[in-house]
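Visitor: Just need the whole structure built from these sequences, with the hints factored in.
Our numbering puts the last residue of the sequence shown at 782; the count rises by one with no breaks.
Calculated directly from the structure, the hints in this document are not laboratory data.
Even for Gly, the Cβ is constructed at its ideal location relative to N, Cα and C.
It cannot be assumed that every hint is accurate.
[As the list claims (entries may be wrong)] Only pairs whose alpha carbons sit at most 30 Å apart, straight line, appear in this in silico DSS-like list of lysine-lysine:
id: 1; residue 1: K736; residue 2: K776
id: 2; residue 1: K723; residue 2: K776
id: 3; residue 1: K776; residue 2: K712
id: 4; residue 1: K771; residue 2: K712
id: 5; residue 1: K723; residue 2: K771
id: 6; residue 1: K736; residue 2: K771
id: 7; residue 1: K723; residue 2: K712
id: 8; residue 1: K723; residue 2: K736
[What the hints assert, rightly or not] The following label-pair restraints were derived from C-beta to C-beta distances:
id: 9; residue 1: G774; residue 2: V726; range: 18 to 24 Å
id: 10; residue 1: D764; residue 2: H708; range: 15 to 21 Å
id: 11; residue 1: N772; residue 2: R709; range: 29 to 35 Å
id: 12; residue 1: G779; residue 2: V735; range: 15 to 21 Å
id: 13; residue 1: R709; residue 2: Q750; range: 35 to 41 Å
id: 14; residue 1: G774; residue 2: D707; range: 16 to 22 Å
id: 15; residue 1: N718; residue 2: G774; range: 23 to 29 Å
id: 16; residue 1: R730; residue 2: L699; range: 30 to 36 Å
id: 17; residue 1: P747; residue 2: K776; range: 21 to 27 Å
id: 18; residue 1: G711; residue 2: F751; range: 27 to 33 Å
id: 19; residue 1: K736; residue 2: E716; range: 28 to 34 Å
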Amino acid sequence: MVILESFEYVDDHRAGKIVVELNGRLNKCGVISPRFDVGVKEIEGWTARLLPSRQFGYIVLTTSAGIMDHEEARRKNVGGKVLGFFY
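Guide: As structure tokens, then:
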């Protein structure tokens, strides 16, 4: 299982970059463009659509509480925009 070890925002005085360090093997990752709005009740549907299994992989969301995975967003009861996914 892939585990997010750390991430860092790099300000290049343009759009910026996010550098992600993973601890484990990465099978597939993707970026979702345009960034679709996702409510808390819709997270389960996006999980079924993008991930191979309910317990395998992560969807990355940007929310009003910051950037987080779909599990943390569900725990905090916040929605946001889908940035991408990996598993």
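Visitor: Look at each hint and say if it fits the structure.
Guide: Going down the list of hints, with the structure as the test:
no.	hint	verdict
1	K736 - K776	13 Å, holds
2	K723 - K776	20 Å, holds
3	K776 - K712	17 Å, holds
4	K771 - K712	26 Å, holds
5	K723 - K771	26 Å, holds
6	K736 - K771	12 Å, holds
7	K723 - K712	20 Å, holds
8	K723 - K736	25 Å, holds
9	G774 - V726: 18 to 24 Å	19 Å, holds
10	D764 - H708: 15 to 21 Å	28 Å, violated
11	N772 - R709: 29 to 35 Å	34 Å, holds
12	G779 - V735: 15 to 21 Å	19 Å, holds
13	R709 - Q750: 35 to 41 Å	37 Å, holds
14	G774 - D707: 16 to 22 Å	29 Å, violated
15	N718 - G774: 23 to 29 Å	28 Å, holds
16	R730 - L699: 30 to 36 Å	19 Å, violated
17	P747 - K776: 21 to 27 Å	22 Å, holds
18	G711 - F751: 27 to 33 Å	29 Å, holds
19	K736 - E716: 28 to 34 Å	32 Å, holds
Comparing the model with each numbered hint stated earlier shows that hints 10, 14 and 16 do not hold.
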